[in-house]
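The whole structure should be built from the sequences, with the hints applied where relevant.
Following the working numbering, the numbering of the sequence shown begins with 1 at its first residue and continues without gaps.
Everything labelled a hint here was simulated from the structure, so no lab data went into it. Small disclaimer: the values here were computed from a predicted structure and weren't measured.
Derived BS3-like pairs (lysine-lysine); straight-line CA-CA distance at most 25 Å:
{"id": "1", "residue 1": "K168", "residue 2": "K153"}
{"id": "2", "residue 1": "K103", "residue 2": "K160"}
{"id": "3", "residue 1": "K168", "residue 2": "K103"}
{"id": "4", "residue 1": "K103", "residue 2": "K163"}
{"id": "5", "residue 1": "K103", "residue 2": "K153"}
{"id": "6", "residue 1": "K153", "residue 2": "K163"}
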Amino acid sequence: MSNLPPPPPPGGGFPPPAGGPPPGVPGPLAEWQDRLLSGVIDFFGPWLLGWLISTVGGGINPFSRTDLGGLYWLGSLIQLAAVGWALYNGYLAGQTGQSIGMKQSGLRLVGEQTGQPIGGNQGLVRNLLFVVSGCCCGIVGLVDNLFPLWDAKKQTLRDKIAKSVVVKSA
1 MSNLPPPPPP GGGFPPPAGG PPPGVPGPLA EWQDRLLSGV IDFFGPWLLG WLISTVGGGI
61 NPFSRTDLGG LYWLGSLIQL AAVGWALYNG YLAGQTGQSI GMKQSGLRLV GEQTGQPIGG
121 NQGLVRNLLF VVSGCCCGIV GLVDNLFPLW DAKKQTLRDK IAKSVVVKSA
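As structure tokens, then:
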């Protein structure tokens with residue numbers, strides 16, 4: 001019988017390096033600027049376009065006017081469509097692992113524990129949190145979108161709720 005200590009666990013027994021993907025996650029975590037590009041395609045770009053058009057048609061405070069023109073209503077319709085677009089992209093990202101913006105940015109949305117797509121419904125809820133926090137509580141939306149800059153797993157608050165991470169595609 002030997003008095004030697006047991007061998008170290010596989011991988012050397014050292015924790016993964018800081019900022020690396022959690023165990024089971026396929027690939028390195030996405031950088032903030034890549035996520036930003038994805039978000040511009042998936043929501044912010046279409047919404048901003050609608051806002052600009054409605055502002056041209058109705059001014060900054062349309063409630064002070066009585067003669068709102070077609071441009072105001074067109075812009076408002078585009079903004080509403082942008083919300084639907086964001087929810088669709090959330091469902092798509094949950095179901096397939098990639099929204100339209102994520103495909104363009106080379107990113108994937110996966111479960112933090114499984115490394116697999118989180119499912120369409122979970123992706124829809126994740127983006128619903130994004131739309132609600134951004135539209136109703138601007139400061140919460142801002143903090144949510146900036147959160148990956150200081151979070152160890154580079155997650156947004158909605159990622160934490162959905163137990164998801166965004167990684168670079170292989």
